[in-house]
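Asker: Here is what each chain is made of, one letter per residue.
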Amino acid sequence: MSAKVDTSLPLEYQTEQDRMNILGFWVFLGAEIVLFATLFGVYGVLYERYAGGPTHKDIFVIKDVMIQTVLLLTSSFTMGIAIFEMRRHNLKGLITWLVITLALGAGFLFMEINEFIHYAHEGATMQTSAFLSSLFVLLGTHGAHVTLGIGWATMVIIQLLKRGLTPTTARKTFIIGLYWHFLDVVWIFIFTFVYLKGLVA
Amino acid sequence: MEHHQSKSFPISHVIGFVVSLVLTFGAAGIALKTNLSFKVIMWIIGSLAVIQAGMQLFMFMHLREGEDGKTNLVNMIYAVFMVIVIVVGSIWVLTSGHAAH
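These protein sequences, in sequence, are chains L and B. Using my numbering, the letters of the first sequence correspond one by one to residues 8 to 208. Using my numbering, the letters of the second sequence correspond one by one to residues 6 to 106.
Hints are computed from structural coordinates only; laboratory data are not their basis. Don't take every hint at face value.
In silico lysine-lysine, DSSO-like type, Cα no more than 27 Å apart, as pairs [unchecked claim]:
1. L:K70 x B:K44
2. B:K75 x L:K11
3. L:K204 x B:K44
4. B:K44 x L:K64
5. L:K204 x B:K38
6. L:K64 x B:K38
7. B:K12 x L:K99
8. L:K70 x L:K204
9. L:K64 x L:K204
10. L:K11 x L:K204
11. B:K12 x B:K75
12. B:K38 x L:K70
13. L:K99 x L:K169
Which residues of chain L face chain B? A partial, calculated answer using Cβ under 8 Å [as the list claims (entries may be wrong)]:
14. I40
15. F47
16. T76
17. F84
18. G87
19. F196
In this text, all values refer to a predicted model and were calculated from it rather than measured experimentally. Cβ atoms here follow ideal geometry from the backbone N, Cα and C, with glycine treated the same way.
Start from the sequences and build out the full structure, keeping to the hints where you can.
Answerer: The structure is reproduced here in C-alpha cells:
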C-alpha cells in the first residue's frame, strides 16, 4: 500500500495499489470464466432437448449472428486502441476510441434484443424447452455483462473528463478494458459452440 | 515492460484484429459451407475458437505484462482447467452411462 511511484512503468502500474487492483481483476475474470463454464456446460447437456418446440435451424439467423460477431470483435479491437492511446498519454484519443467502443457495444446489444424479440415471435421463449431455457440464460448472462460494461465504461469516461489521466483513472480504464476484451472472448465461444454448432448439426 | 510510449502505430492490435476476423469467417465457412462430418467440423472450429481467445488474451489484454504476468498466466491456465472439468465433465456424466439409457 506504499505511495511509491515508479514512473518508468505505464501509468496504471505505477503504484502498488493499482498493480494489486489489476491483479485482483484478473482473479475476478478467472471466476467469471468458471461462471460462464457452468452455463456452457448446462447448454452442452440440454441443447438437443427441443420438447417439440423450435430447433436451432428454425430460429438462428446466421447473417444477424455474423453482424453481432463483427460488431463485438471490432469493439474489442477499438478498446485495445483506446488503451494504446492511453499509454501514449493521449487523453483525447483515449476518450474518442472509448466512445467508438461503446457505440459498437450498443449496436451489438440492439442486435441481441432484436434477436430475442424475433425468437419470441417464433414461439421460442424460455419456457418452451430445455434447449431454449439454457440458450436464453447463456446469451442473457453475456448480454447483461455487455449492458453493465457500457454503464461502467460511461462512468469511467466521465471520470477521465473530470480528472484527466492520473495513475488512478488510468488503472480504472485499463480494468474496464480487460473486462471488455473478456466479453469478446466469451462471445467467441458462444459464436462457435452455440450458433455454428447449432447450424451444422 | 515493452516500449509503449515510443510506438505510434498499434501494429500488434491491427494484426490481432485481422487474424480474428479471418478466424471468425474461416470458422463460419468451414461450419456452413463444407460437407465434413459434424465431429471433424467441431474439432476444427473449436480449435479456431481457442486460438482466437488466446490471441485476445496475449495481444489485446497483455496477459503476461507487468510483475504479476506469471501469476496471471497460472490463474488463466487454472481457469481453463476448470472450464474443461465443468463443461466436458457435465456433458460426459449426463449423456453417457445410465443417462443414455
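Asker: List in ascending order the numbers of the hints, as given earlier, that are violated by the structure.
Answerer: 10
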